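Protein chains: 2
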Amino acid sequence: MIKIVVDAFGGDNSPIEIVKGAINAINEIDDLHVILAGDEAILNNLLKEYSYNSEQLSILNAPEIITNNEGATEAVKTKKDSSIVKGIVECKENDDIAGFISAGSTGAVLTAGFLKLGRMKGVLRPALCPILPTFKGSSVMICDCGANMDTKPEQLEQFAVMASAYAEVMGVNNPRVALLNVGTEDHKGDIRCKEVFPKLKENKHINFVGNMEARDLLTGDYDVVVSDGFSGNVLLKSTEGSMKTLLTCLKTEIKSGFWSKVGALFMRKTFKKIKDTFDYSKYGGAVLLGCKKLIVKGHGSSNANSITACIKQLYSMHEGKLIEKISSRLEKSGFVVNE
Amino acid sequence: MIKIVVDAFGGDNSPIEIVKGAINAINEIDDLHVILAGDEAILNNLLKEYSYNSEQLSILNAPEIITNNEGATEAVKTKKDSSIVKGIVECKENDDIAGFISAGSTGAVLTAGFLKLGRMKGVLRPALCPILPTFKGSSVMICDCGANMDTKPEQLEQFAVMASAYAEVMGVNNPRVALLNVGTEDHKGDIRCKEVFPKLKENKHINFVGNMEARDLLTGDYDVVVSDGFSGNVLLKSTEGSMKTLLTCLKTEIKSGFWSKVGALFMRKTFKKIKDTFDYSKYGGAVLLGCKKLIVKGHGSSNANSITACIKQLYSMHEGKLIEKISSRLEKSGFVVNE
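So the protein lines, in turn, are chains A and B. Here numbering that gives the first Met the number 0 is used: the first residue of the first sequence is 0, the next is one more, and so on. Here numbering that gives the first Met the number 0 is used: the first residue of the second sequence is 0, the next is one more, and so on.
Among the hints, a few may not be true.
Not close to chain B: a few residues of chain A, all C-beta gaps over 12 Å, as computed [as the list claims (entries may be wrong)]:
id, residue
1, 105
2, 153
3, 197
4, 242
5, 268
One side of the interface only, derived from the structure: several residues of chain A facing chain B at Cβ under 8 Å [stated by the list, open to error]:
id, residue
6, 0
7, 1
8, 152
9, 229
10, 276
11, 279
12, 280
If you anchor each label on the Cβ, the simulated ranges turn out as follows [to be verified]:
id, chain 1, residue 1, chain 2, residue 2, range
13, A, 67, B, 67, 52 to 60 Å
14, A, 201, B, 76, 56 to 64 Å
15, A, 201, B, 73, 24 to 32 Å
Worth flagging that the hints you see were computed from the coordinates, not collected in a lab. Since the structure is predicted, the reported quantities are computational estimates derived from the model, not experimental observations. From the three backbone atoms N, C-alpha and C, an ideal C-beta is built for every residue, glycine too.
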């Protein structure tokens with residue numbers, strides 16, 4: 000039985016959609032056990048509505064909630080009974096738990112992962128790694144997208160190694176790793192890029208293909224994009240933001256005229272296909288790479304399907320022995336794993 | 000007569016579209032004189048096809064061309080007869096020339112601007128500042144979008160001051176200045192952001208409204224976005240790239256089915272309106288702020304209309320006394336302008 004803790008009180012649609020997503024996952028996967036972290040009374044009441052194998056589900060009573068509006072560090076320190084802190088501590092204390100999922104406060108999940116769960120041996124800094132769909136139907140990862148500010152070159156090299164292992168476990172053969180930069184020429188970029196470029200080029204345990212410009216993120220030519228947390232965050236959010244802006248604009252324009260509404264009826268399938276192509280939720284959430292257990296951060300707006308996807312993602316990573324692979328790859332790359 | 004030098008041999012569609020764009024501009028503006036920099040024989044031959052007031056046009060013979068495929072610094076040093084170097088030197092040596100426009104190599108334009116024309120007194124580093132259309136019909140500037148790597152906090156403060164003056168000259172009243180960051184809270188970001196935030200907040204000569212996330216670039220809530228060159232470049236290129244990806248995807252899907260093609264016919268006006276909304280070229284090009292004369296860098300794919308827009312933009316900036324305004328604003332902000 001693979002055990003996974005799910006934060007039932009994180010995200011805009013919690014707890015109802017989270018519970019539904021967890022139930023769907025255990026009804027699909029026989030050897031999966033979900034531990035729902037949250038207020039026991041509320042959860043027990045919600046669970047009455049579902050039929051499921053009771054041996055596959057349990058509750059970790061954690062009545063406190065950390066919101067997006069409070070300081071993450073302070074919240075993690077004081078709210079010991081919150082679903083995030085108690086859930087992550089539960090992961091740490093039990094060898095048979097594979098990891099933790101939350102659609103709640105990103106800051107709190109990162110802080111609790113870092114402080115309460117701890118880093119894998121040899122990892123300088125854990126990194127947050129989301130997956131995005133590309134134009135060609137493949138996917139691309141950004142590592143790091145904001146867990147770390149003021150990233151050092153050797154940290155960036157570790158991000159490349161960890162994300163490469165992650166991509167392989169998720170089924171990408173010999174993943175193409177690129178460095179986010181302002182141009183594709185080898186010598187481009189700021190001091191950080193210039194320092195990490197030769198390190199990435201010399202590392203024989205990754206398939207480094209050179210620098211990448213932000214405009215080429217979704218071309219399908221890259222599997223892993225290595226970036227400092229600041230620029231990675233800008234890349235992720237501007238990609239999401241400009242697509243959303245364009246689609247909103249399209250929607251507004253369609254609604255504003257009779258003929259465009261008629262046209263949109265004919266194009267329903269087209270719009271649906273595009274929506275499906277760029278549907279981030281089917282890939283699950285962003286993974287915090289480098290902690291002692293697997294942590295998946297779902298989107299704040301996660302619905303039941305996204306939560307199920309996150310659970311399946313964590314299940315696959317555990318099956319694929321991601322933690323062990325990262326550890327071995329870091330060691331091969333010359334980072335001291337056994338201190 | 001306002002004189003402007005235009006690089007006739009820069010960009011994908013040079014020299015034909017550049018010449019056409021220049022002719023259109025002088026035919027529209029009576030007190031404008033365009034100096035076309037490029038191979039005299041070719042230009043004279045092209046000009047035969049147009050009717051225009053010959054007092055409004057002259058040629059600066061510059062037979063060499065700097066391409067995008069050569070090192071900018073080396074090219075600027077060796078190709079003294081190139082349209083970019085000779086054009087910019089012409090600006091420097093003649094008080095009655097307002098500035099220079101090129102759709103050619105960005106690196107060469109920046110390098111020549113910096114080395115051959117020189118900075119305004121008090122300016123630490125010139126910054127490249129493009130304008131993008133927003134969802135609400137307004138526009139937003141990014142300063143810097145890649146002229147500088149490893150930007151210092153005091154340079155960022157100057158970018159805010161210079162771009163603010165630019166936005167005002169372009170008709171924005173009390174422009175809202177935001178700092179590109181990973182979150183909107185005051186304390187967010189890397190060391191650079193944390194250091195520049197209080198400087199921006201304390202500067203009484205700009206209207207600083209706080210931190211901005213990359214996803215909100217096109218909301219219309221900001222007029223000027225201050226950023227280090229690396230992240231600004233990522234922001235600009237990922238915005239352009241993801242919009243292009245989405246539109247390409249839409250086009251491919253429309254072409255793939257009969258009914259979607261029918262639907263697209265009904266929606267022609269809608270698509271045209273959206274294309275117009277996000278048409279960058281109508282705003283002209285990116286301005287290199289902080290040099291002794293005005294420099295506008297047009298998009299590499301500029302056509303005649305974009306070149307005309309760049310010329311009108313430079314004309315307006317000159318009319319609005321942008322150089323003088325930047326100088327005065329820098330002085331008020333405590334930067335030593337008179338050395």
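Name the hints, by number, that the structure is in violation of. Going through the list in order, the structure violates hints 1, 4, 5, 6, 7, 8, 11, 12, 13, 14 and respects the others.
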